[in-house]
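Protein sequences appear in the order of chains A and B.
Taking my numbering, the leading residue of the first sequence gets 1, the next gets one more, and so forth.
Taking my numbering, the leading residue of the second sequence gets 1001, the next gets one more, and so forth.
Be careful, since some hints might not be right.
Stated by the list, open to error - Here are the computed lysine-lysine pairs in the DSSO-like style, where the Cα-Cα straight-line distance is at most 30 Å:
1. B/1102 - B/1047
2. A/253 - B/1097
3. B/1119 - A/408
4. A/245 - B/1097
5. A/253 - B/1119
6. A/119 - B/1039
In case anyone wonders, no lab produced these hints; they're calculated from the structure.
Number of protein chains: 2
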Amino acid sequence: MAYRGLLSGACVALALMAGAAQAASPAAQVRAWRQANEKAIVTDFVKLLSMPNVATTVSDVEKNAAYLQDLLKARGFTTQLLTAEPGTPPSVFGELKTPGAKRTVVFYAHYDGQPIGQKGWVTPPFTPSMRTALPEATPVDWQGATTPLDPSWRLYARSAGDDKGSVQAMLSALDALKAVGRKPTVNIKILWEGEEEQGSPHFAALVKKHKETLKGDLLIMGDGPMHQSGRQQINFGNRGITGFKTTVYGPLKPLHDGHYGSWAPSPTVMIASLVMSLRTDDGKILIPGFADDVTPVSEADKAALAALPPIEGELKTAMGLGRNIGGPRLADGYLAPTLNVRAIHGGDTGPDAANAIATEAEASFDVRLAPGMTPARVHQKVEDYLTAQGWKIVRDTPDLATRLANPKVVRLNWDEGDSIASKTPMDGPAAAAVAASIQRTRGEPVLKVPLVGASSGMAEIVNTLQAPMVGVSIANYDDNQHAANENLTLGSLWGGIEVYAGLLSDLSW
Amino acid sequence: MAYRGLLSGACVALALMAGAAQAASPAAQVRAWRQANEKAIVTDFVKLLSMPNVATTVSDVEKNAAYLQDLLKARGFTTQLLTAEPGTPPSVFGELKTPGAKRTVVFYAHYDGQPIGQKGWVTPPFTPSMRTALPEATPVDWQGATTPLDPSWRLYARSAGDDKGSVQAMLSALDALKAVGRKPTVNIKILWEGEEEQGSPHFAALVKKHKETLKGDLLIMGDGPMHQSGRQQINFGNRGITGFKTTVYGPLKPLHDGHYGSWAPSPTVMIASLVMSLRTDDGKILIPGFADDVTPVSEADKAALAALPPIEGELKTAMGLGRNIGGPRLADGYLAPTLNVRAIHGGDTGPDAANAIATEAEASFDVRLAPGMTPARVHQKVEDYLTAQGWKIVRDTPDLATRLANPKVVRLNWDEGDSIASKTPMDGPAAAAVAASIQRTRGEPVLKVPLVGASSGMAEIVNTLQAPMVGVSIANYDDNQHAANENLTLGSLWGGIEVYAGLLSDLSW
Chain A
1 MAYRGLLSGA
11 CVALALMAGA
21 AQAASPAAQV
31 RAWRQANEKA
41 IVTDFVKLLS
51 MPNVATTVSD
61 VEKNAAYLQD
71 LLKARGFTTQ
81 LLTAEPGTPP
91 SVFGELKTPG
101 AKRTVVFYAH
111 YDGQPIGQKG
121 WVTPPFTPSM
131 RTALPEATPV
141 DWQGATTPLD
151 PSWRLYARSA
161 GDDKGSVQAM
171 LSALDALKAV
181 GRKPTVNIKI
191 LWEGEEEQGS
201 PHFAALVKKH
211 KETLKGDLLI
221 MGDGPMHQSG
231 RQQINFGNRG
241 ITGFKTTVYG
251 PLKPLHDGHY
261 GSWAPSPTVM
271 IASLVMSLRT
281 DDGKILIPGF
291 ADDVTPVSEA
301 DKAALAALPP
311 IEGELKTAMG
321 LGRNIGGPRL
331 ADGYLAPTLN
341 VRAIHGGDTG
351 PDAANAIATE
361 AEASFDVRLA
371 PGMTPARVHQ
381 KVEDYLTAQG
391 WKIVRDTPDL
401 ATRLANPKVV
411 RLNWDEGDSI
421 ASKTPMDGPA
431 AAAVAASIQR
441 TRGEPVLKVP
451 LVGASSGMAE
461 IVNTLQAPMV
471 GVSIANYDDN
481 QHAANENLTL
491 GSLWGGIEVY
501 AGLLSDLSW
Chain B
1001 MAYRGLLSGA
1011 CVALALMAGA
1021 AQAASPAAQV
1031 RAWRQANEKA
1041 IVTDFVKLLS
1051 MPNVATTVSD
1061 VEKNAAYLQD
1071 LLKARGFTTQ
1081 LLTAEPGTPP
1091 SVFGELKTPG
1101 AKRTVVFYAH
1111 YDGQPIGQKG
1121 WVTPPFTPSM
1131 RTALPEATPV
1141 DWQGATTPLD
1151 PSWRLYARSA
1161 GDDKGSVQAM
1171 LSALDALKAV
1181 GRKPTVNIKI
1191 LWEGEEEQGS
1201 PHFAALVKKH
1211 KETLKGDLLI
1221 MGDGPMHQSG
1231 RQQINFGNRG
1241 ITGFKTTVYG
1251 PLKPLHDGHY
1261 GSWAPSPTVM
1271 IASLVMSLRT
1281 DDGKILIPGF
1291 ADDVTPVSEA
1301 DKAALAALPP
1311 IEGELKTAMG
1321 LGRNIGGPRL
1331 ADGYLAPTLN
1341 VRAIHGGDTG
1351 PDAANAIATE
1361 AEASFDVRLA
1371 PGMTPARVHQ
1381 KVEDYLTAQG
1391 WKIVRDTPDL
1401 ATRLANPKVV
1411 RLNWDEGDSI
1421 ASKTPMDGPA
1431 AAAVAASIQR
1441 TRGEPVLKVP
1451 LVGASSGMAE
1461 IVNTLQAPMV
1471 GVSIANYDDN
1481 QHAANENLTL
1491 GSLWGGIEVY
1501 AGLLSDLSW
């Protein structure tokens, strides 16, 4: 398979060198411990997932933070809750020094979650429930079941995959190492963010403020899904993000569309027109020069992308898609910007549908930024383009004078949080050590993704801490993150515990 | 003014001839009666408006029908509830014979109302409330106020303007004539429909079934708003209508748009694309040959349209519009088809907004049919066009095999009710008699509109009854019909009572 070709060269050689200077992987011992403690681990995870953690509800987020701080204290960490300023969501920080260790590794995850109002949750998002494998997904009494629990079972709850699964894997990995008598080989710092799902508006400031506390030789980011092939991947960065909402305006009051439809502008059409002026159905962004700032894709990145196992055909079947847009390979798009239409709304459907011209309509967008792009430049390009298309841009609901003076008015508000892309070179020694550790744990080469399509606030963090960053994802790709019925397979959690335990106790460079 | 030019010729001559053969208008007496009974009239109207009448809730509709039947009985009518078949919404029928009368006039209105779920109702839609003139619209205690009540006050409730105002005007006109001792000059038939706001799915069959009961020499349709200038208009028909809903499909489950946005088709974009493939922002319909069947506009119609007072500038100001679409004159569009986008929806906005690719998105449309067009031909043209654009049309939620086999799938369902346009010649004797009666009541020439933009099920009715139809609207144009805060000005109601009283007692040809 293609990925074996990639790893058969220098990377594997490095991995083997690192392995040679290192104690054996604790994977077998950790697995035995996990097999003896599956229900206790799931019980802990259920308790963590039962705590509401919608990112925008800061009081809930703070309760999670206090709970996690206690869990780290109980595992011997010195802890702090870090904030950028009072009243902003705290990051949970914990430190565990290892006598004689020469390296310090910062393990990042986030404990806040996406909103929960999506339709279709089979059980309440903060009442974790176990279900059998897809597609049946039958409810199952895991507490009454005999062990070992079926690793294809899935625990359903908000944040199961994104990103409390990563938090639980770390906690259980620490428990496992203690139980089997293995010591960490590095100094450990833990940084669990509490506002990632609202776009990390204060996180960069928080890291700057606590730079000395947080610094280390390597940042391991435990967020995002594994490769769709089910194989462990590591990544070397994320795209950036910026988002905006638009509202367009028609008549001050709804109008009967028989009387006025041929004469009065229709916001439902205007918003569709605005969307289609920005991008095509096929994903092409129509804003001139939008990708001008993008860093050209290196040959090494192209080779790494080409080496990823082909999963697109299976994905289409699993997702019910009769086509894809953009290029044929999923990951190729990650090194370019994407303009997503999160939502479009105008007028009433269903029982309240009326033959009326609506007063306004709205659309919500996000832009994923490739390396080289900045939110400020994207804002300028979007606004210049809309202005050139005849839109008068305002920041609040327009008054009558503004409506009358302008043929097309759009209220445009940029989201609070944004970020640039983050990218660490794939060939540094710390990155190679991570790949080697995971290879020892998993028993097979790890897949390397130059950049993942999702975003995080990590670019500024990496710049502040001046450390390389490697993303180690443990969640199944089909975990419904950001959607109803978010879930994590037990197999993903078991694997994550082993991977983290390995990184804690056999990593060196 | 332009409309005087139109009426200074043959129409006015006809009107004066009709007037010469006729008793004087009862307008002055009716006005005096109304002035002495304003609070009683409003009390009756409030009682009628307090009865929930959403067209799709048949049990509510039936309660209204029984109540109205009683009101007609109390005024000496013989009555029946007519249905097309058991279980379908009833029409209230009443007949009052006038000894010696040679003409029978059928007065049509509808007593059902639009749905009520629109946002922004200042008071509940079935709790009628009086408010002062716009823009203040301050709540006012009309029961405690001294009379005369301010005619610029507005009574807010669902159906106040569309179309219980017309029903109340007829009831009060009958009361007024009785009180002042004036007899009708024609046999009166009343036909109040109970399913107009759900598109009259059974009304044509109802009229066919009861053709002998309903037949007459003239059909006066009391629905729709007055001219925007505030002047009384009469019209000679309506456009037809057909509507449809579309749903387009993306992934089976929502996807993280960072990971999948550049590769998975986005329903929010697909629905915008579908909308913009059907029409432009400026109202141009992009379906080839869509207007091929439209009857060419006659010179007489063109002249009548040109004679309407210019109200477009004031309308734009009142509606907060910085532009209009289509041609410069509002009514010019009525003789052509219009494709309206009632609603467009996909993804979540607001607190549940997520950076996700939605699973589906929908849009709802109606098409207003000009004379000559038929719903069947429109259906064919729309579906042929969408098919040519690459859409696979289905009637139910597509199964996995259908999704996988087709790049673009759209579920398309046509609304149950539809209708062709209805058009009566402007120069017939019955039409001239109506114009003359209203001119006597109002003291100024009536405006003549060849066709109004709204729809009704009247075309088939006119064909069945083989009688000319004239539309006599009494509601203020800004009555928020089909929207939140529907209302009727007291002045509109007072005028309507006088106009109906005149038509009942001084009409002859």
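Going through the hints against the structure:
| no. | hint | verdict |
| --- | --- | --- |
| 1 | B/1102 - B/1047 | violated (35 Å) |
| 2 | A/253 - B/1097 | violated (43 Å) |
| 3 | B/1119 - A/408 | holds (24 Å) |
| 4 | A/245 - B/1097 | violated (63 Å) |
| 5 | A/253 - B/1119 | holds (11 Å) |
| 6 | A/119 - B/1039 | violated (49 Å) |
Going through the hint list in order, the structure does not satisfy hints 1, 2, 4 and 6.
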